[in-house]
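Trainee: So the chains spell out like this:
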Amino acid sequence: MTAFQAGADYGGGRREEARGPAAIVLDHSHPASKRIIVGYGFWIFLLSDIIMFSAFFATYAVLSGETAGGPSGKDLFDLHNVAIETGCLLLSSFTCGLAAIGARAHNGPMYYGGMAATCVLGLGFLAIEIHEFVGMIDQGAGPTRSAFLSAFFTLVGCHGVHVTLGTLWLLTMIAQVFAKGYRADILRRVLCFALFWHTLDIIWVAIFTVVYLLGAGS
Amino acid sequence: MSSIDDYEPLRGADHAPGDEPAGGREVLEGVLGYLVGLALAILLTAVSFFLAGTWLVWRPSIPIALVVLAIAQIGVHLVFFLHITTGPDNVNNVLALAFGVLIVMLIMVGSLWIMSNMNNNMTPMHMQMGQSAVWFMVA
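The listed protein sequences derive, respectively, from chains A and B.
Just so we're aligned: the first sequence equals residues 13 to 230 in our numbering.
Just so we're aligned: the second sequence equals residues -3 to 135 in our numbering.
Since the hints were derived computationally from the structure, they do not count as laboratory data.
Mixed in with the good hints there might be a few duds.
Computed, partial: chain B to chain A, Cβ under 7 Å [said to hold, decoys possible]:
| id | residue |
| --- | --- |
| 1 | Gly14 |
| 2 | Gly26 |
| 3 | Ser44 |
From the three backbone atoms N, C-alpha and C, an ideal C-beta is built for every residue, glycine too.
All chains, full assembly: derive it from the sequences and hints.
Mentor: Here it is as C-alpha cells:
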C-alpha cells in the first residue's frame, strides 16, 4: 500500500490468481511505478502550497474589517466580474481534464484542443483579474490603502501569480508533447500540471466564497 | 526500467492522485466523469452566488451556508477532478490530504480564535481612554 515498499513478499505466491480489492491490499511485493511516486510527491507539494494559502486566508480573515476609513469589500467588489472569473476557471478545470484524457489516449486533437481551451480560459481569467486590480488601484484602493487591501492583494494576487505560472507551464507542456511525443516522462509532467491546475480551482472556490461573496454581503 | 506508458499501476500498487481509477476506463467514461463534476460544481457555484445576493432567506444564516457550499464544492473537485477516492489504492493520498486539512484548520481557526480573543480583551482599554483613543483610531 505504501509507495516505498520494504522487502517482505507477503502476497507474491498468490499474485497470479489475485483478483479484487482484498488481493490488492495483500500484494506488497513490488515498488510503485514512477508515475505514482511522482504524482504522490507533487500532491504533497500542492498540499504545502494550500497550507501557504491558508496563512494568507487567515491573515485576510483577521484583517478584512480593518479598512482604515477606506473602501470596504462591499464598495469595491463587482460580483458580476467574479462570476465570469469563476466560470472561466471552472470550465478550464473541465477542459484540463479533457486534455489529461487525451494525453492518456494519445489523442492529439483532444490533448491539444483541451490544453488550448484551458490556456484561453486561464488568460481570460487573468485579463479580468488584472482589469479589476488596475481599476481598484486607479480609484485609490491599492494595497497600501489599508490592512484589508494589503491582505486582499496578497491573497488574490498570489492566486493570480499561480495562474500565470500555470499558464506558462501549460504552454511548455503543449510544446513538450509536440516535440517529444507522449513519452512516459512527459506524461508524468502533464499529470503534475493537471493536478496543479485543478488545485488552483479549489483555491479559487475558497477565494470567491471567503473574499468576494462574504465580503460583498457583510 | 519505465515502460512507454506507466499509467496502469502494477497490481496492488498505489494510485497517482489525478489519475483515473485503474481498470481500463474508456475515453467516453472519463469525459462523462468530468462532465458530472463540472455540472455539480456549476450548480454549487450558482447556489452560492444566488445566496450571496438574496433576501429570501434569513441573512445571518448566509455566511454559514456559503462556507458549507464551498466545502461541498471542494469535495466535488477532489472527487471528480483530482480523483481522490476511498479505495485502498488511495490511502496515501487521502492521509496526506487529511494532514494538510489538519494544518489548514489549525492555522485558520487558531488565527481567528486568538485574534478575536485579543480584540475582546482590547475593547475595555480603548473605552477607558475615551475620546482621544477614538480620535487616534479614526486618524
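Trainee: Report the numbers of all earlier hints that the structure fails to satisfy, in ascending order.
Mentor: none
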